[in-house]
Amino acid sequence: ARRPPRLARSATGPRRPVRRRRLALWMGALAVLVYLPGFWWGAPRAQDAQSIRSWGVDDESPIGPLAQVHNILEPKEFQNLGYPLMHSFMAVAAYAPYLGFLWLEGDFEAPSDAYPYGLADPVQTFQVLTWLAHLLSVVLGAGVVVAAVVAARRLWGEREALWAGAFTLLSYPMFYYARTGNVDVPALFFVAAALAVYAGILRGRLTVGNAVWLGVWAGFAAATKETSAAAFVGVPPVLLWLAWRGRGSARHPGAHWRTFGVAAALGVVACAIAFGLGSGLFVDPERYFAHLAFNRERSEMMRLGEIAFMTHYPATLAGSAALFALLVGYLADACTVPGLLLAAAGVAVALRGVAPRGGPAGAVSETPPARGPGWSVIAEPQADSAPLPRRRSGDLWMVVPLVTYLAVLFFAMRNGQLRYVMPAAFVIGLFAARGLVLALDAPRLARWGGLAAAGWILVAGGLRATDLTQQMIRDSRYAATAWLEANLGPGDRLEFFGPDAKLPWLPAGIEYDRANEYLGAVHPPKRSPQDAERIRRGWAERRPDVILLMPDVSSRPGEPHNATCPPEIFDDLEAGRLGYEPAATFQTPRLFPWLPTPRLDYPSVNPPIRLYIPTRRPG
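Be aware that the sequence shown starts at 26, since it is given in the working numbering, and climbs by one per residue.
Honestly, the hints are just simulated from the structure, not real lab data.
Derived DMTMM-like pairs (lysine to aspartate or glutamate); straight-line CA-CA distance at most 25 Å: (1) Lys101 <-> Glu322; (2) Lys101 <-> Glu134; (3) Lys551 <-> Glu599; (4) Lys101 <-> Asp525; (5) Lys551 <-> Glu331; (6) Lys551 <-> Glu536; (7) Lys101 <-> Asp138; (8) Lys551 <-> Glu593; (9) Lys101 <-> Asp83; (10) Lys551 <-> Asp538.
Construct the entire structure; sequences and hints are all you get.
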């Protein structure tokens with residue numbers, strides 16, 4: 026006789042084979058392998074105080090998390106108030122062993138808030154700190170994939186778990202944000218972990234343990250990025266409704282409600298504690314309320330059209346239609362159009378609320394609900410095997426986080442970016458896996474349609490991911506750095522437009538400065554004819570050795586330069602009318618130029634870089 030599989034008790038009570046955990050572990054390991062290449066992208070060469078930031082927009086590594094924690098002890102007048110402190114705490118925790126090693130070695134003896142910050146080798150140290158922050162995102166990105174596997178298995182079965190992990194892994198924005206120090210993947214990890222617990226509740230029983238974990242993960246998600254809380258607005262009403270619906274089948278109604286009350290209360294307390302600690306509300310309340318005031322101010326500025334790189338969609342019919350199309354487009358970018366169609370099929374079945382008993386694999390839950398005190402979300406299977414329909418309301422209630430999140434994004438925020446829809450794309454990936462399994466178990470036409478959709482998601486997703494990875498590994502700034510090091514020496518002068526943090530690594534000892542005033546991406550640029558004439562006169566006096574142009578977040582669509590460069594200046598440089606001529610252009614070609622690729626939120630990867638030098642004269 027074959028030996029029975031070793032059993033282990035799950036978090037929700039029933040026993041299950043240990044082998045069922047292997048899929049989540051293998052998918053997590055695969056995610057680490059595919060997200061790892063290019064994680065070093067954007068690390069600065071911190072040779073002075075102006076070159077200490079990463080290339081990625083809103084990537085706070087390496088110095089940002091340290092500055093945020095330092096400001097708790099010694100508040101500064103200028104702080105980055107855009108986000109709560111949870112991600113900074115996590116990044117500093119990742120930094121701590123390395124900084125401790127430097128301290129023991131004597132390379133970090135006198136920490137300071139001015140360059141070189143007490144570091145014996147700031148160039149190497151800042152690169153390592155950036156890598157640690159990005160590796161944190163890689164690991165959390167793999168955690169998102171694991172959460173998708175766990176959630177889909179709890180809702181449906183092993184086949185849905187496999188496809189949900191694959192679809193989540195291949196989501197296009199994951200291949201950028203899982204390699205940077207942005208808050209988006211850490212926030213998504215906590216959302217995904219909370220939804221995995223929520224899926225277990227929908228298929229099992231609300232206990233004190235899973236209520237507390239649901240509260241902890243949801244609290245940490247909001248403590249990383251407050252908009253994440255939109256995914257959980259509808260969860261308490263759902264749980265209350267399920268408890269009310271299950272009251273009739275409870276053997277002891279009083280114990281039923283006491284269990285629910287204790288679990289719900291402890292879950293709320295756990296959520297409040299996790300949020301208060303993670304966000305910094307308990308640690309530095311003054312900073313947190315300043316953060317809220319800053320976000321309110323930015324929201325009002327966006328509503329008035331005063332933020333140059335973001336669009337506010339008014340609450341009119343035309344504005345709502347444009348915002349709806351924008352969000353659907355971003356969801357298609359993250360999940361692909363076939364993915365959206367499969368998810369629509371999965372949601373349609375969930376809205377019907379029924380599935381055949383004893384039907385194909387994946388049609389019913391593989392783990393029966395646990396017995397014991399508490400409240401049951403779904404009825405226990407009957408002893409007979411008649412092909413009667415059975416309610417599967419857990420599918421329906423998993424739609425609620427998707428609806429509430431998109432509703433807050435649509436009705437409250439009134440704007441959108443690709444990274445904003447990542448929590449919604451996570452839930453859509455679950456339902457796409459469900460829709461695919463239903464299609465594979467359907468008659469021939471639907472089966473072939475499902476296979477075609479899955480093939481497109483896997484092939485197109487893999488090619489797009491490979492293309493983006495290649496552009497990050499061979500970013501244009503690396504080649505531009507080699508050219509500058511070969512052609513500039515100490516005392517030479519370079520001028521550019523826009524932020525200095527996004528420039529290629531510059532040779533040590535050269536002078537560099539902006540050719541025009543830069544007020545940040547929020548404020549409109551100075552690019553009038555008078556500004557253009559002032560730039561011409563300045564170059565005639567200073568005669569820089571190299572002029573560098575490249576687009577960034579402030580650039581208008583299609584512009585090959587920063588917004589502070591007047592278009593007539595660009596035309597003059599290209600035509601050689603200012604005493605300068607094009608010397609080199611750098612941008613790594615795409616691997617698959619024929620494949621439509623979504624645009625990232627910011628033109629931060631592999632931007633086109635143009636270099637101009639003084640016109641060569643005969644002799």
